[in-house]
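Visitor: Given next are the chains, with one letter for each unit.
2 protein chains.
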Amino acid sequence: MDGTARTVNVGLIGLGTVGGGVARTVARHRDEYLAAYGIDLRITRACALEPERARELGFADEAFTSDWREVVGDPDIDIVVELIGGEHPATEIFEQALSAGKHVVSANKALLGRHVERLARLAADNGVQIRCEAAAGGGIPIVNALEHALVGNEILTVAGILNGTTNYILSRMTAEGLDFDEVLADAQRLGYAEADPSADVDGFDAASKVAILSSIAFHTRVTTDDVYCEGIRDVSAADIEQARSLGYAVKLLGIARNTPEGVDARVHPTMIPADHLLSSVNGAMNAVYVVGDAVGETMFYGAGAGSFPTASAVVGDVLALADAICHSDRPQAEIEPYRSVLPLRPVDDLVTRYYIRLTVADEVGALAPVVGVFARNGISISQINQLQDGDGTRCSVVFLTHEASERDVRTARAELAALPGVERVASVIRIEDVAAWTDGAEAND
Amino acid sequence: MDGTARTVNVGLIGLGTVGGGVARTVARHRDEYLAAYGIDLRITRACALEPERARELGFADEAFTSDWREVVGDPDIDIVVELIGGEHPATEIFEQALSAGKHVVSANKALLGRHVERLARLAADNGVQIRCEAAAGGGIPIVNALEHALVGNEILTVAGILNGTTNYILSRMTAEGLDFDEVLADAQRLGYAEADPSADVDGFDAASKVAILSSIAFHTRVTTDDVYCEGIRDVSAADIEQARSLGYAVKLLGIARNTPEGVDARVHPTMIPADHLLSSVNGAMNAVYVVGDAVGETMFYGAGAGSFPTASAVVGDVLALADAICHSDRPQAEIEPYRSVLPLRPVDDLVTRYYIRLTVADEVGALAPVVGVFARNGISISQINQLQDGDGTRCSVVFLTHEASERDVRTARAELAALPGVERVASVIRIEDVAAWTDGAEAND
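Protein chains in written order, with this note's numbering: chain A, 1 to 445; chain B, 1 to 445.
Source of the hints: derived by calculation from the structure; they are not laboratory data. Treat the hints with caution; some may be incorrect.
What the hints assert, rightly or not - FRET-style restraints, in silico, Cβ to Cβ:
id: 1; chain 1: A; residue 1: Asp-225; chain 2: B; residue 2: His-402; range: 51 to 61 Å
id: 2; chain 1: A; residue 1: Ala-100; chain 2: B; residue 2: Pro-51; range: 17 to 27 Å
id: 3; chain 1: A; residue 1: Thr-7; chain 2: B; residue 2: His-327; range: 18 to 28 Å
id: 4; chain 1: B; residue 1: Thr-259; chain 2: A; residue 2: Thr-7; range: 42 to 52 Å
id: 5; chain 1: B; residue 1: His-402; chain 2: A; residue 2: Glu-52; range: 46 to 56 Å
id: 6; chain 1: A; residue 1: Glu-52; chain 2: B; residue 2: Gly-283; range: 27 to 37 Å
id: 7; chain 1: B; residue 1: His-327; chain 2: A; residue 2: Thr-259; range: 47 to 57 Å
id: 8; chain 1: A; residue 1: Pro-273; chain 2: B; residue 2: Glu-241; range: 22 to 32 Å
id: 9; chain 1: B; residue 1: Arg-42; chain 2: A; residue 2: Glu-52; range: 40 to 50 Å
id: 10; chain 1: A; residue 1: Asp-391; chain 2: B; residue 2: His-402; range: 21 to 31 Å
id: 11; chain 1: A; residue 1: Glu-92; chain 2: B; residue 2: Asp-275; range: 23 to 33 Å
id: 12; chain 1: B; residue 1: His-402; chain 2: A; residue 2: Pro-260; range: 31 to 41 Å
id: 13; chain 1: B; residue 1: Gly-127; chain 2: A; residue 2: Asp-225; range: 44 to 54 Å
id: 14; chain 1: A; residue 1: Pro-260; chain 2: B; residue 2: Arg-42; range: 42 to 52 Å
To be verified - Listed next, the stretches of chain B that the computed footprint assigns to chain A, with coverage defined by at least 3 CB atoms under 8 Å from CB atoms of chain A:
id: 15; segment: 177-183
id: 16; segment: 298-311
id: 17; segment: 346-355
Built from N, CA and C at the ideal position, the CB exists for glycine as well.
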């Protein structure tokens, strides 16, 4: 700290939930940033559709604009904070701000999950930074940990609960024995789920975050389209109860592993041991497991969404940039242009154990062809449980497999669905081999 | 990254468990640091008592010295890594290295817990940094989170499991129903506890970490001597079993809260709700709960000790300094000289609920004077359980209190011990009000 305060001007585009949190957090702590870090942080432009919202957040009328071009075109602005989400005009905001030599802070996981590589190059070419702590894990400082504190490690695995809505739904299904549709309706009524819940419940939101986190962790290009993605609509109360009795919890996990065969990146419902720390993460909270070759297993837990938690991440990024600006450090690309492009491992090459629940005709001999399908596809069964949910004509049967390949299970699943005695392949849930997450870590003795 | 590598020379003092991990981690990843960050990181001096250890770690004979003065006096060294622990000569290493304009990275919690203020001023006066990620929480990147990612927040609470040995002992006592002495002996045999276990089991190690973390989190001076400290020797299997039946887990927590009445900093056995995430942290693992006014509740989990996890933190600090050196940034004091000295709240002012177990004479009327002591001290009792451990002449009785002040409980405890019918006040365990940890956080709606 050199005793003289420098003013850093911020342009805030988007005054919704997160933008409002940022405005309020900065207003609350501005004096402290000045006293502690010598940074006079000012939000000099605030962009939203309606001036009322800017007034409500305490902005002077001359700070307000409804045109983002006025923000990125303002020569006094040092840092542009993009919090409108979506691809357009967010892409144009990024492009014009970076080209104008302004740093960009953003929580836009949809955009960054798809286009971070191109935008990061543009930032590097212009000697400015993109920072996106809020784009994955909300308030959890996971990007900072991967880029800074854990930088001495080779990161082996990043895996976790990256979507609060689905974790809220699964937690309530588990605690109350309810089915998906019931809890979803309630979550929508309570504001935990959107009217169109697809981005959350079909796993797309988590997939964007897996793309961002694995790109950063493994220094390679992973986009949202590279992430295998499956949501929680097919998970039933019966599956969760079966999981419980087998010693597992059901969680929607985003998993990214840097394996010798390539990057394994996927989002799907997962059974994990009930005593694994991720199983204890309930409600709308998020948690990210990170395994590094030196540090071993770590976990980062916090609110993955919400006005103030997300604002915490955005403001942390803004202050880091402001600190560098105040001390005339060279701007350094925080999201580095990828130094390698690792191969991606197709999900078909996944080898794990599976939980498969079938609805079958409740008659003698119905199971024989089912067992035949598994055998023909080289899938070895470790356990078969008939559930007490039959009505005399049909019932559910659960099969647990030994390790099998996704490819074989996919083929078997299609063949099972075509069998006359099988009404439905009700659910196929992967039992994650959490012990494999530490493959490649140093032994500690 | 500017394309040209710069050499950063490190002097490593101490080649024990952590020093060895640092040497091996740097050797394993040196090429990667060069490729990714343009940093040619070299450990050019390695100091230990015996040259064999340096050879075993792959150092050339000319790098070895048994005299730390040769390391801090070497004009080519940019960063001194102090990993010998203890107060002397660690203090002199810090002083001479900082005065010579070298950055210091250290895992020395005993030293930093007592003298960080003076050393931080010396660093600032010489324009260099002290970094100590490894001193609290081992491999967990908690210092980095407090100093950087969460910097937009006012930190309200830092609380957690900061000592692996005691968490290992309590976890095994809980899982196996064993008493402290039995598990301690086993832990010593297995290498989880030292021959002299006092620093761990009496809470001193955790107290040092509370001092370091609360100093950083609250930007104030808290030294180890300011932290109220009580260990786990008095926790019995009976207490843990009672806690379980009441819905609690027993953990040795380090707790630091920034309250309106002052900083509340303490280490003691604690009952916390069994469904709190900290209750699921078992074995030798550590976890730190951090509550910020914007981010709300977060938790950071990982190995608190061990060769490679601790090395991860040390190397992260070294690389951060190396990056700044390579890019000619101004050196900035990472541990800032304290910008305020907040008052400390005496532990006597603590108000919480208490679990109190007495061994009493098993006879009619023995409880009446006990109840009288509580009443006389204004302590309201919410529950009394007589345990089934009596032998006909004595038995255990558990009292749960409503909220009471530590001061009153202390007086009552002395009076209880003096009662003729009371053989022993076997244990007094605070039931932590974990809901109060979020007092002052922004409401999220």
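Visitor: Next step is simple, just say for each hint if it's right about the structure.
Guide: Hint check:
Range check, A/Asp-225 to B/His-402: Cβ separation about 58 Å, and the 51 to 61 Å hint holds. About 58 Å separates the C-beta atoms of A/Ala-100 and B/Pro-51, a value inconsistent with the hinted range of 17 to 27 Å. As the Cβ distance of A/Thr-7 to B/His-327 is approximately 24 Å, the hint placing it in 18 to 28 Å holds. Taking 42 to 52 Å as the suggested C-beta distance range, the pair B/Thr-259 and A/Thr-7 does not conform, at roughly 33 Å.
At roughly 48 Å, the beta carbons of B/His-402 and A/Glu-52 sit within the given window of 46 to 56 Å. Between A/Glu-52 and B/Gly-283 the CB atoms are about 54 Å apart, so this pair departs from the stated range of 27 to 37 Å. Distance hint check for B/His-327 and A/Thr-259: the Cβ-Cβ separation is about 33 Å, which falls outside the suggested range of 47 to 57 Å. Judged by the Cβ atoms, the range 22 to 32 Å given for A/Pro-273 and B/Glu-241 holds: they are separated by roughly 24 Å.
As the Cβ distance of B/Arg-42 to A/Glu-52 is approximately 60 Å, the hint placing it in 40 to 50 Å is violated. Restraint check, A/Asp-391 to B/His-402: a C-beta distance of roughly 53 Å breaks the suggested window 21 to 31 Å. A beta carbon spacing of about 47 Å between A/Glu-92 and B/Asp-275 contradicts the range 23 to 33 Å that was offered as a hint. Checked against the given bound of 31 to 41 Å, the beta carbons of B/His-402 and A/Pro-260, roughly 59 Å apart, lie outside it.
Between B/Gly-127 and A/Asp-225 the CB atoms are about 48 Å apart, so this pair conforms to the stated range of 44 to 54 Å. Evaluation of the 42 to 52 Å hint for A/Pro-260 and B/Arg-42 yields a failure: the beta carbon distance comes to about 29 Å. Only when three residues or more bring their CB closer than 8 Å to a CB of chain A does the claim for the segment 177-183 of chain B stand; here the count is 0, and the claim is violated. Interface restraint, the segment 298-311 of chain B with chain A: holds (11 residues with C-beta to C-beta distance below 8 Å; minimum three).
A count of 0 residues in the segment 346-355 of chain B with a Cβ less than 8 Å from any Cβ of chain A is obtained; the coverage claim is therefore unmet, three being the minimum.
When each numbered hint is compared with the structure, violations occur for hints 2, 4, 6, 7, 9, 10, 11, 12, 14, 15 and 17.
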